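Protein chains: 2
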Amino acid sequence: EIAEALFPLAARPLTGVRVLLTAGPTREPLDPVRFLGNRSSGRMGFALAEALETLGARVTLIAGPTALPAPRVAERIDVETALEMHSAVMARAADCDLFVATAAVADYRPVEPAENKIKKNADALTLHLVRNPDILAEVAARPSPPFTVGFAAETDRVEEYARDKLTRKGLNMIAANHVGGERGGFERAENALTVIWRNGQRELPMMDKTRLARELAALIAERYQEHHAASS
Amino acid sequence: EIAEALFPLAARPLTGVRVLLTAGPTREPLDPVRFLGNRSSGRMGFALAEALETLGARVTLIAGPTALPAPRVAERIDVETALEMHSAVMARAADCDLFVATAAVADYRPVEPAENKIKKNADALTLHLVRNPDILAEVAARPSPPFTVGFAAETDRVEEYARDKLTRKGLNMIAANHVGGERGGFERAENALTVIWRNGQRELPMMDKTRLARELAALIAERYQEHHAASS
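Residue numbers (my numbering), protein chains in the order written: chain A, 1 to 232; chain B, 1 to 232.
Since the hints were made in silico from the structure, they are not lab data.
In this text the structure is predicted, and so the values were computed from the model without any measurement.
Warning: the hint list may mix true and false statements.
Unchecked claim - Selected chain A positions facing chain B (Cβ under 10 Å, derived; list incomplete): (1) D31; (2) P32; (3) V33; (4) R39; (5) S40; (6) V73; (7) A74; (8) I77; (9) A122; (10) L127; (11) L129; (12) T155.
C-beta atoms are modelled at their ideal positions from N, C-alpha and C, and glycine is treated no differently.
Based on the sequences and whatever the hints tell you, model everything.
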């Protein structure tokens, strides 16, 4: 209520907008002890969830395992695996206006996790993995999809892969960043993004993730409003 | 120096003893983004490192990636993979009196991590893993080994597997705990241990990890002194 008193409506362009946002990594258990994970800290997603709330949105955050303090959002659901994240998103996809997929969802999971700890008794081991569902593509392919924003974390050919992902999955926007090496992204406090939509593009240069999240939230709000003006 | 003033020498039975202690998980990269990990928080190892320092020891901590605050120890070396932990330990094994291996070292690593992010383009994926070196067994098998304490995290048949590990690897002591399910251990604040040596055994019941670490440190000091009295 304080935020509503302080900001005029124009500064809260997402008032009344229901946002579903995924963040963090997922973990795919191999057995009760070992898992397949990834380096997403969840920091960018948590900051973006807060920034969208500040713009007036009601954010439901679906979070993988992170070590971050709880963000100020309307609702939070904790999950561990890609299948759990998939269920949590699909149960809510019909009731959201804007879907933002920042989570680094594991593409593959072990065919069948072992119930007891795998004993090591061989010099080599082969793990058989199967593909996880593509949450982002599935939401974007719904009959009346929400405005859908994806993320692309790439180690090379960032813009090319991101534009391909935008088209192939039928997204409204995609925010692409370069991960690995010295260029920000996973496990770092700073990041830079190339934000791409069908007929436009904007560069958000290297900056603190909190500030970057605010700039990205403002850009999402701008494109979301444009989209609704065009389709009404 | 304050500790030395406050505690009589009898309360600091490890004065002058050089301890090498490993803690936390290791991560085995599949590519710049994905890794094989495990659920060790490092909490038990960090608490034990501090408890051993309090008993007078000079602790060198070799730590995998954790989200814990820095413990009060003489020296700390951060590593990520099992091979890095192996190198860090082997470089120092000749200069320690007591080796405590609390780390949950990955048994296997990918044959060759991919330099760029693996693109997902198949319904199934096979990962080929190879065995990592056994740091604990290698230290215990040195010509003049330090007093060597291992840990065993098991999901079933805890005592049987632990006693087998003690004998097979030639350890002086092993602390075994049950992981997975509701019984403490990984990712929990409490834990219980069954501590086993060649001709003895002690149960440390479920308690806070800090207190448990103090009791285990005292027991290690007792067995260490006994061992040196017997061999001199």
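Hint-by-hint comparison with the structure:
1. The beta carbon of A:D31 is positioned within 10 Å of a beta carbon in chain B (closest approach about 8 Å), and the interface hint is therefore held.
2. For A:P32, the suggested interface contact is upheld, since its CB lies about 3 Å from the closest CB of chain B, less than 10 Å.
3. Because the smallest distance between the Cβ of A:V33 and any Cβ of chain B comes to about 5 Å, under 10 Å, the interface hint for this residue holds.
4. With a least beta-carbon distance of about 6 Å to chain B, the hint placing A:R39 at the interface is held under the 10 Å criterion.
5. Interface restraint check for A:S40: the shortest CB-CB distance to chain B comes to about 8 Å, inside 10 Å, so the restraint holds.
6. About 21 Å separates the beta-carbon of A:V73 from the nearest beta-carbon of chain B, more than 10 Å, and the hint is not met.
7. Given the 10 Å rule on beta carbons, the hint for A:A74 is violated: about 26 Å separates it from the nearest Cβ of chain B.
8. Hint status for A:I77 relative to chain B: violated, with the closest Cβ pair at about 19 Å, above 10 Å.
9. Here the hint on A:A122 is kept, as its CB sits about 7 Å from the closest CB of chain B, short of 10 Å.
10. With its C-beta approaching chain B no nearer than about 4 Å, A:L127 sits inside the 10 Å limit, and its interface hint holds.
11. Interface restraint check for A:L129: the shortest CB-CB distance to chain B comes to about 4 Å, inside 10 Å, so the restraint holds.
12. Annotation: interface hint on A:T155 holds; nearest CB of chain B at approximately 5 Å, less than 10 Å.
Comparing the model with each numbered hint stated earlier shows that hints 6, 7, 8 do not hold.
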